[in-house]
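Chemist: Following the hints, complete the assembly by docking chain B onto the known chain A.
Chain residues, written in single-letter form:
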Amino acid sequence: MKKYWKFMSILVVILLSIGTFYVKSVTSEENHPEFVIETQSGDAKEIEALILDGYYSDTSTMNYKSTNVKISSEGSTYERRSFLDQIIGEPPAVIKEYQEKYRTFMRGKGTDLNSFSETDQVLAYADVDYKTDSFHSHDFNFPISILNKEDASVQSFTVEIPDSENMDYAFMEDVQMIEDELYLITNNMIRSSEGSYDEKHVYTIDLNNQTITNDETFSQVPERQEGNHIVAHIIRTNPTEAHDQMILLEKEIKVIEDHESSYREEVVKQEGISYNLATKEKESIPMSDLPIDSELSFFDGSSIYFIGVEGQEIVVSPYHLADGKAGEEYRLQLSGDADHGSAPMTTIKDGKLYLSGQQINPKLNMNATDVIVADVKTGDILFKGQITLDDSEAKNQYELYLHEIHVE
Amino acid sequence: MKKYLQLVNFEFNRIVKLFTVLLGITFVAQMIGVVVQSRSYLNLANEKMYKEMMPQAEFLESFGQMSFLQIAKSSWFFGPIALCVAGVAFYIFFIWYRDWIGKNTFIYRLLMLPTSRLNIFFAKITTILLMTFGFVAVQLIMIPIEIMVLKAMVPNEFRLDMGVMEVVTIIPELTLIFPSSFMQFIFHYGLGLLAVSVLFTGILFERSFKWKGILAGLLYGALAVVVLLLPLLLHEFVLNNFFYPIELLVLEIIMGLLVLSASIWVSGFLLKKKVTV
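Listed in order, the protein sequences are those of chains A and B. 918 is the number that this note's numbering gives to position 260 of the first sequence; each next residue is one higher, with no gaps. 189 is the number that this note's numbering gives to position 32 of the second sequence; each next residue is one higher, with no gaps.
Everything labelled a hint here was simulated from the structure, so no lab data went into it.
FRET-style restraints, in silico, Cβ to Cβ:
1. B:Phe339 / A:Glu808: 39 to 47 Å
2. B:Ile411 / A:Ser993: 51 to 59 Å
3. A:Thr1036 / B:Leu333: 56 to 64 Å
Looking from chain A toward chain B, a few residues come up when the C-beta cut is under 8 Å (computed):
4. Tyr662
5. Lys664
6. Ile668
7. Val671
8. Ile672
9. Ile676
10. Phe679
11. Tyr680
12. Lys682
13. Ser683
14. Ser740
15. Phe741
16. Leu742
17. Ile746
18. Gly766
Backbone N, C-alpha and C define an ideal beta-carbon position, used for all residues, glycine too.
Only chain B is shown next, with the shape it has when bound in the complex:
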């Protein structure tokens, strides 16, 4: 356990720079987004009301109130989120390959550590999770701050106030990141964890057998998808809708856990017996 924590700490310290830089970019870009969107709305209001002498009520009627939705739908808001997603996706691969590149191959030292080699796998997957949840958590803290800035900039009568929960439930892309119930949260990120574990196994196949390993990794991924979908496929095409939905859900959870443990087992095997430096 202690070795595992040490490894997680070690892995996390290696990404902390990338992590904070991405968070910084997100914060700055989203803040700019709030200011730019509020400004442009206020400018529009000024122009219509003072230059064209449009009454306030008429302006609100035709242009609507300013709400956080306008900000959340802009690329100032979504751009950095996409960047963070890309960052995590990139790092899923880089977290392994960085150990093999460079002058003194680091993986050599990692593999020599007096601990189970599976701990390396666990530490790396934990780091990916920490990074992902870190982005999610900090974004949840940023939204209320951004709402406060919006409140400070746009006067009351031009504003439609919304809570974090509302913002997050209205925009479908955000519901994907912040599902509205905890159970759904577990399912979304559980599926993500599963996908990462399968990818890790694929990477270890490649590291063990080089070119042939890529093929083996792809086959493993395809197999994982088939196993995961097996209950659904059987239910739909062979068994004539035999299962009740709740049974299907339980079967899917079992299949998910099965694929996860298979990935861990195969990765452990590859790390112990096959991986080459």
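Chain A with its partners taken away, still in its complex shape:
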């Protein structure tokens, strides 16, 4: 053994040094602080099903790595993304479930929830596919797959998208399956001599004949024309529930020149349209003048909740589709400074409106953020609380950024 001492000693150095490095990297889990949702009023039971996803980053070191954090009524749990997670990717929870349940069917399909529609009998998938060369995009088509849950049979076909000569790109906004028909709601970007514009389309696809039977165009909105432009949004729904109505919010926006080279946008006109996918009936929805945030608004299948932010308040105006009547508007008070930080996140489930702020950053004087659960019809507050650090002694150089709210 003695004559091997040189290479034995380098071997020992290698094993000790690299070994210690990786043992330390596993055991020296950074000390992450505990975040809790502190009850201020109401029943803490209301938030038992609520889960908030976000990132936590320690800003005191120069290490900009952030850690995934989940906050619920039970506190916070941190998840370090392992190397494998980074390779495998983290699809949304619903997609993950589909991949486990329907492994073969989900092969080669994207992870965008908007491309899927699930009913008791089927899981439907549709996407927009096209080729791009250096000059323009072409060969637009819809790859469609329908999985019959009962006998596990799959129907797959592609349909060419009509009138796609001038299309630059298109993406799927929603897929709905009603009886034997599939409804694809897309956003198409159209090229024209005066610049390009967006169109919302609803394509009806007959599954028996595998053809497009109807193509409805909504809101041909010219992009940025002399100060005024129109934007159109489809009001959010619960992606895993089927709906036969589509709600479109159109806003005419005026760009006002405030001072030199400083611009401000003002909503001049907003209009709501409800469209019945099956009967193809369009109806206009009367709307108040309040600025509506289309990202926050929600459609639960029977009522639309137009939600906007006004200073420190969240304004909710319900509209019931069945009787065509607007419900009573109500306001939820937010604490903290509304000036900084982004708008809160909202979601609606089982008649309850869940709301959460997005950011905590002590450096910007945001030490806590609101969590509110309210009866979505009346606005009665069922729970009001705040996300705060459990340990107030903890250091204040960190940032918490929440990006997803879901209710289980």
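Modeler: For chain B alone, coordinates are given in the frame of chain A:
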């Protein structure tokens, strides 16, 4: 096994001088780097605070604190690392060719040893690995020492302290050498080992068939790359994203092992049947 260890020991002893010289250069250059960078920071602080009467808080505001990052980003730190990388790259070829040059061709004696000729291949590849990991391991020991020197030179209030783990994760070039998880470490260096085995096979092709062998070696290398990328190419262009990421990873590992065993087998064949002295 004993023959293999003897051969490794023998090969390692032949590079130990080069190895220690490179380590020495690294240590000295990086230490100079720590001193030079700390000095220049302190000089700047002195000049601003005593000559221009800038308050300490203002100085820190506009120039920031001194941290190990300034050192790690300088060429005093990266230069020697690049030199070591170049040293290993050079030695991958030299470890074979040195046996053929010189008065008494050494390869003749190696090939006559009463052991499997494949052991020569294994001993040489092990030596390259030992050399690489040796540099990595010693660099990991050097960084804390350098941090200590920095601490001794720059006063507390001007310093932003960082651990080895932080330094290594912040600088992307260093994450390449010291991946932050052990699994990644295995993947990085596994890929490196694979590349070395393919290069060795190419070298043995050249040693067996001279000029024609260079062509054969290049073809072998190209084939290895294609085989390795085959699952990815099929997945992307033929099978319409058929595989789940985890399946793709497993397939890639299988392909890697396949290429590695092919390289070992071909090298063994060349060493036994074709190589010329």
